[in-house]
Structures are given as structure tokens and as C-alpha cells.
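Asker: Sequence:
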Amino acid sequence: MSRKVALITGVTGQDGSYLAEFLLAKGYEVHGLIRRSSTFNTSRIDHIYQDPHDKNPKLFLHYGDLIDGVGLTNLIREIKPTEVYNLGAQSHVQVSFTMPQYTGQVDAVGAVGLLEAIRSADLDIRFYQASTSELFGSTPPPQNETSVFRPQSPYAAAKLMAYWCTVNYRDGYGLHATNGILFNHESPRRGETFVTRKITRAVAAIKAGKQDKLFLGNLDAVRDWGYAKEYVESMWLMLQQDKPSDYVVATGVGATVKDFAEAAFSRAGLNWQDHVETDKKYIRPTEVDALIGDPSKAEQALGWKAKTHWKELAELMVDADIEALKK
Numbered sequence: 001m002s003r004k005v006a007l008i009t010g011v012t013g014q015d016g017s018y019l020a021e022f023l024l025a026k027g028y029e030v031h032g033l034i035r036r037s038s039t040f041n042t043s044r045i046d047h048i049y050q051d052p053h054d055k056n057p058k059l060f061l062h063y064g065d066l067i068d069g070v071g072l073t074n075l076i077r078e079i080k081p082t083e084v085y086n087l088g089a090q091s092h093v094q095v096s097f098t099m100p101q102y103t104g105q106v107d108a109v110g111a112v113g114l115l116e117a118i119r120s121a122d123l124d125i126r127f128y129q130a131s132t133s134e135l136f137g138s139t140p141p142p143q144n145e146t147s148v149f150r151p152q153s154p155y156a157a158a159k160l161m162a163y164w165c166t167v168n169y170r171d172g173y174g175l176h177a178t179n180g181i182l183f184n185h186e187s188p189r190r191g192e193t194f195v196t197r198k199i200t201r202a203v204a205a206i207k208a209g210k211q212d213k214l215f216l217g218n219l220d221a222v223r224d225w226g227y228a229k230e231y232v233e234s235m236w237l238m239l240q241q242d243k244p245s246d247y248v249v250a251t252g253v254g255a256t257v258k259d260f261a262e263a264a265f266s267r268a269g270l271n272w273q274d275h276v277e278t279d280k281k282y283i284r285p286t287e288v289d290a291l292i293g294d295p296s297k298a299e300q301a302l303g304w305k306a307k308t309h310w311k312e313l314a315e316l317m318v319d320a321d322i323e324a325l326k327k
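Position one of the sequence shown corresponds to residue 1 (the UniProt record's numbering), numbered consecutively onward.
Any given hint might turn out to be false.
[To be verified] Cross-link-like lysine-lysine pairs, in silico, DSS-like; alpha carbons within 25 Å at most:
# : residue 1 : residue 2
1 : K26       : K307
2 : K198      : K80
3 : K326      : K213
4 : K307      : K258
5 : K213      : K307
6 : K243      : K327
7 : K213      : K280
8 : K198      : K327
9 : K327      : K210
[Unchecked claim] Pairwise CB distance ranges (calculated):
#  : residue 1 : residue 2 : range
10 : A121      : Y282      : 41 to 47 Å
11 : P285      : T256      : 18 to 24 Å
12 : L123      : A25       : 20 to 26 Å
13 : D68       : D220      : 38 to 44 Å
These are calculated hints, taken from the structure and not from any lab test. Quick reminder that beta carbons are idealized off the backbone N, C-alpha and C, glycines included.
When you get a sec, could you build the whole thing from the sequences and use the hints?
Answerer: The following block contains the structure:
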């Protein structure tokens with residue numbers, strides 16, 4: 001594939017920013033979709049953004065929204081991407097219970113709009129859909145590509161529609177369309193309301209004497225946490241395959257929220273039990289007890305394997321948040 005042009009929805013998010021860096025390093029022309037806001041929300045990509053008046057810009061930003069199908073269609077036809085990565089979403093599980101309709105519009109209908117824009121453009125475009133381990137919900141671990149989907153939240157239900165529509169467009173229209181079923185992946189760029197980043201930011205603040213308590217929900221929930229910076233490579237690898245398919249991406253190792261908190265506080269020389277309390281308002285109406293992925297297919301077919309597991313991840317995130325407070 002000589003011409004390498006990528007469109008990333010959600011480019012200002014954790015995954016989008018890492019993927020943009022990754023693709024730029026590989027010589028891609030990268031286009032990112034950003035929502036119009038009264039305040040700038042490009043902090044994660046400011047270090048790689050080039051002014052469009054530069055003679056040889058490589059990163060271009062376009063205003064748009066996943067619920068604007070006409071805008072998506074026009075953008076696809078304008079930039080003629082060779083690869084489209086749909087990372088944009090209302091991605092907070094707890095928030096999806098408060099905003100179920102909006103979550104469905106963005107995460108489900110938005111994905112269909114993007115698929116339809118690609119189909120109608122009649123171009124050779126490879127499509128990546130950011131699926132989620134939340135699809136498995138109450139299905140016991142380990143979960144792989146053949147495990148039963150049992151979503152336990154509006155977010156997971158919306159993502160399930162996007163998953164199956166991706167499969168339908170692949171089967172029905174011959175699109176090179178792939179689902180990446182990524183298990184929890186974190187980093188210092190993770191949103192501040194997600195539990196891992198909430199923990200590591202609190203550790204840094206407590207260490208600095210700016211905070212005393214951290215309130216969390218279900219401490220016994222088990223998750224398979226990996227490093228987002230590593231996971232974006234798997235997305236790219238999926239679209240380099242001759243035939244599209246669906247892949248679970250995970251470390252294969254699980255830990256509880258309590259385990260993660262203990263490791264994070266320990267990194268800063270603190271005892272988590274002195275600072276962590278539970279609060280019922282952070283408990284979901286329907287809980288997901290355990291998500292642990294079986295990444296065998298990705299390891300064999302893509303040659304991808306996670307290098308960073310949850311304890312190292314907790315430590316590097318704590319280090320980054322402690323350092324950030326010094327600035």
C-alpha cells in the first residue's frame with residue numbers, strides 16, 4: 001500500500017493520540033476528527049500538531065461529529081483515507097447509565113454512519129472499529145473471540161451494535177472491516193475519571209499533601225489492564241492483514257481494583273488502606289465481575305504480545321502523575 005492516509009476519530013483521546021504518533025512515525029498522513037468546543041481539548045496531541053500552513057504538514061484536524069453522517073460522508077470523500085480508525089465514543093461505562101441515549105447515538109449509530117460513509121465512497125478503505133471487553137459482561141473469563149457476549153451496560157450494548165454492524169458490512173459489502181476487542185488499556189494520558197487514573201492522580205496528590213482520601217466503588221472487580229501505547233500497534237497490525245477478522249487484545253493477566261490501588265500507593269511509599277474508602281455512588285447498577293482476555297489469536301496471527309502488565313502500568317502512571325504535579 002503505497003499511499004498511506006489515515007483518518008482517526010477520537011484523535012484527541014488517549015488511544016487516538018498514541019495512534020497518531022505511531023502512524024506519523026510510519027510515514028502516514030494523519031487526519032483527526034475533533035468536536036467543536038468552546039475550549040481547546042487537544043492537549044494530548046499538541047506536541048505533534050503542525051500548523052496547516054506548514055509546507056509539509058502531516059497531521060490535519062477536522063471539525064466533525066460521529067452523529068453527523070453527512071459530514072462524515074463528505075470528509076471521507078474529501079480526504080480519501082486508506083485506513084479509518086473509529087476510536088471516537090462516549091467511552092465511560094458509568095456515564096452511559098446516566099446518558100444511555102446519547103451513548104447509543106455516538107457509539108452505535110455513529111459507527112454505522114461511518115461504515116455507510118465508507119461503503120458509499122466506493123474506495124479501497126480499511127476500517128478498524130474499537131470494540132471493548134465490556135461486550136463480554138457477565139460471561140466468565142478468560143474471554144476470547146468465540147466467547148458469548150453478555151453486555152451489562154448501555155455502553156456495552158451500544159458497542160455490541162457497532163461490533164455486529166462492522167461484521168455485517170464486512171460480510172455483506174466486502175469491506176475490509178475489523179473489530180479490535182481491546183481489554184482495559186491505560187496510560188498517563190487516561191481520562192481523569194477512569195478508575196486507574198483516578199487512583200494514580202490521587203496517589204500523587206496524597207503524596208504531595210494536597211489530598212487525604214480516595215473514594216472508589218467495587219474494589220473486587222477484576223480487570224485485565226494493559227498499556228495503551230502498546231495496544232495501538234495491534235490496531236495497525238489488524239489493518240495490515242490480507243483478510244479482515246476480529247481480535248481480542250489483552251495481557252491475559254487479571255487483577256482487582258484493590259490490587260491496582262495497593263500497587264499504586266506502594267509505589268509512592270504509602271499504605272492504600274490509610275486513604276481508600278468505598279462509596280456506593282461509584283457502584284454500577286449492573287456490575288461486571290471479571291474481564292480477563294485470551295490474546296492467543298492476536299499473538300499468533302499478528303505477532304503482537306503485551307509487554308507491560310498491570311503492576312508495571314500502575315507504577316509508571318504514578319510516576320507520571322507525581323512528576324506532573326511538580327510542574
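Asker: All hints are to be evaluated individually against the structure, with a verdict given for each.
Answerer: Results for each hint:
no.	hint	in the structure
1	K26 <-> K307	21 Å, holds
2	K198 <-> K80	39 Å, violated
3	K326 <-> K213	20 Å, holds
4	K307 <-> K258	22 Å, holds
5	K213 <-> K307	32 Å, violated
6	K243 <-> K327	47 Å, violated
7	K213 <-> K280	15 Å, holds
8	K198 <-> K327	19 Å, holds
9	K327 <-> K210	15 Å, holds
10	A121 <-> Y282: 41 to 47 Å	43 Å, holds
11	P285 <-> T256: 18 to 24 Å	20 Å, holds
12	L123 <-> A25: 20 to 26 Å	25 Å, holds
13	D68 <-> D220: 38 to 44 Å	41 Å, holds
Checked against the numbered hints above, the structure violates hints 2, 5 and 6; every other hint is satisfied.
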